[in-house]
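Asker: When you get a sec, could you build the whole thing from the sequences and use the hints?
Chain by chain, the residues:
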Amino acid sequence: MANFWASYAWPTVLTAAEVLAVIVPLLVAIAYLTYAERKVLAAMQLRKGPNVVGPFGLLQPFADGLKLFIKETVIPSGANRVVFILAPVLTFTLSLIAWAVIPFAQGVVIANINVGLLYLFAISSLGVYGIIIAGWASNSRYAFLGALRSAAQMVSYEVAAGFVLVTVLLCAGSLNLSKIVLAQRHIWFAVPLLPMFVVFYISGLAETNRTPFDLPEGESELVAGYFVEYSAMAFALFYLGEYGNILLVSAMSSVLFLGGWLPPFPVAPFTWVPGPLWFAFKVAVLAFGFLWVRATFPRFRYDQLMRLGWKVFLPLSLGWLVLTAGVLLVLGWLPAH
Amino acid sequence: MIVEAIAFYIFAAVAVGAGVGVIAARNPIHSVLFLILAFFSSAGLFVLMGAEFLAMILVIVYVGAVAVLFLFVVMMLDIDFRRLRSGFMRYLPVGAGIGILLFAELVLVFASSEAPRAALPSALARGGASISNTRALGEILYTRYIIAFEGAGLILLVAMIGAIVLTLRRRPDLRRQKVPEQLARRKEDSLEVVKVPIGEGIS
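Order-wise, the sequence lines are chains D and W. With the first letter of the first sequence counted as 1, position 95 gets the number 95 in the numbering used here; the numbers rise by one all the way through. With the first letter of the second sequence counted as 1, position 42 gets the number 1042 in the numbering used here; the numbers rise by one all the way through.
Some hints could be false.
Stated by the list, open to error - Below, a list of computed lysine to aspartate or glutamate pairs in the EDC-like style, where the Cα atoms sit at most 20 Å apart:
| hint | chain 1 | residue 1 | chain 2 | residue 2 |
| --- | --- | --- | --- | --- |
| 1 | W | Lys1178 | D | Asp303 |
| 2 | D | Lys48 | D | Asp64 |
| 3 | D | Lys48 | D | Glu37 |
| 4 | D | Lys67 | D | Glu37 |
| 5 | D | Lys311 | W | Glu1181 |
| 6 | W | Lys1178 | W | Asp1189 |
To be clear, the hints were calculated from the coordinates, so they are not data collected in a lab.
Answerer: Set out below in C-alpha cells:
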C-alpha cells in the first residue's frame, strides 16, 4: 500500500497540483486579456472602454463571465446535439492542453517531453476541428460558410508555420522546448531568423482567426460565422478559447524566437528579473501586438488571404529553410548532439 | 506497470470501439469523427510504446491534415443516408476478408521470425535507450532505407504535380490582382493636373 502511495498516488496528486498552478493563472490571464483588448481598442479609438464595474472596470471580465454563466443555453432544433456541445468544449480544451509543454523557466514545465515542438504543432493543427464541427453541427448556412473558410485558412497557414518550426529546429538541434530556449543563450533566434519570426507571427494571427484574417467570423457578411448559433457558456468557451489561443501563439513565439525565460542580455540589471517574469513580459508584448493589429488593419479579402499564405509565406519560409540549412552546414554551425 | 497496462487497455478499447463506430455510425460525419478518435487512440498506444515521434506525426498528418480534408469533403457531399446503408451487408464480407488477411499477415510477421527486431540497424542497437527515437528513425531512414524513402518522396511529388496539372485551368477572362503593378504605380502615372479653360473643356 505504501508502495502504491509512493509510486502512483503521490505523483498523481503532484501532477494535478502542477496543472492547477498553470491553468488558474492562465484562466485569469485569459480573462484579463479580454479586458485588455477592450481597453486597448478604446484607447486607440479615443474612448474610455469598460470603466464601471470595479476600479478602472477591473472586475468587468468577471461580470461578463457571470452574465454568460446565468444565460440560457439555446440549442437549435435542427442541430446535432452531441457534436454541437462537443465543439466549444474541444476548442477550449485544446487551447489549454498545449500549455503542458511550455517551459516557464529552467526546469519549470509540466511535461518536459522530447517532442515538445511536434506536440505544439499537433495541438494547434487540431484547433480547426472545434470550428469545423461547430459550423456543421449548427445546421445553419452562415455557420457552415464560416467553418469552411476557417478550415481552408487554418490548413493553409499551418503549412508555412510548419516550415518555420523546421527552421527553428535546425538551429536548435532539438525538439525539446527547454533545449530550444537554451540554444538561444547567445542570440535570440528572432535576430538571425527575423523573416521567419514575422511569418510565424502573422500565421499565428491567421490560425487564431484574428483580424485582419477574421473572415470565418466576418460579421459584415456571415453575421458571426461559425459560432452564430451559440449562446451562453457554449459561446463563452469559444470566446475564451480564442483568447487562450492568442496567449498560446504569443507563448510559442516567445519560446521559439525570443528566448523564452532568458533575459535579453546575460548581465547584471537584466539577470535580477526572474525568468518567469521575462517570459510573461514577452508574452504580454506579443499579445498586445494582436490587439494593436486589430485596431489598425482592415480585413483581408479572401483571395488576398489565400495568396498571402500560399504564394508569399510558403515560398519564403521554404527558401529561408534551405538557406538556413546551407549556412549552418557551410559554416559548420550545425548544433552538436 | 499497472498504470501502463490500464492505459493500454483504455486506449486499445477506445481504438477498437471507434473502429466499430466508423462502420456502424449512421451519419457519415459521425463516421469521420470516430475515425479521428481511432487515430487518436492509436497515437496514445504509440506513446505507451515509447514511440513519441510516430505518435505526434500520426496526429499531425492524419488527424490534422488528412481527416480535416476528409471531413471537408463528407460535409460538402449531398448524401442520401438510406442508400448509403443499403450496401452494408453486401460489402461486409469483403471488408472482413481484407481485415482477416491483414491480421494474418501481422501474426505471421511477428510469430515466424525475429525479422522486425533484426531489421533495426546497428545504430539503434548501439545507442540503446539513450538515443531518442526521433534520431533513431532519422538514422535508419537516411542511411539504410534512403532509396525507398527518397523514392516515396518522389512518388508523392509526382502525384502532387499531377493533381495540380489536372485541376489547373487557364481563364484568360479573369481579372486578377497584380500586386507588383499596384506597388509600382506612382502618382505621376495615374494623376494629371490640368488647367481647364472655362467654356472649352478638354478632350
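Asker: Hint by hint, say whether it matches the structure.
Answerer: These are the hints, each one checked on the structure:
no.: 1; hint: W:Lys1178 / D:Asp303; in the structure: 12 Å, holds
no.: 2; hint: D:Lys48 / D:Asp64; in the structure: 18 Å, holds
no.: 3; hint: D:Lys48 / D:Glu37; in the structure: 12 Å, holds
no.: 4; hint: D:Lys67 / D:Glu37; in the structure: 19 Å, holds
no.: 5; hint: D:Lys311 / W:Glu1181; in the structure: 16 Å, holds
no.: 6; hint: W:Lys1178 / W:Asp1189; in the structure: 16 Å, holds
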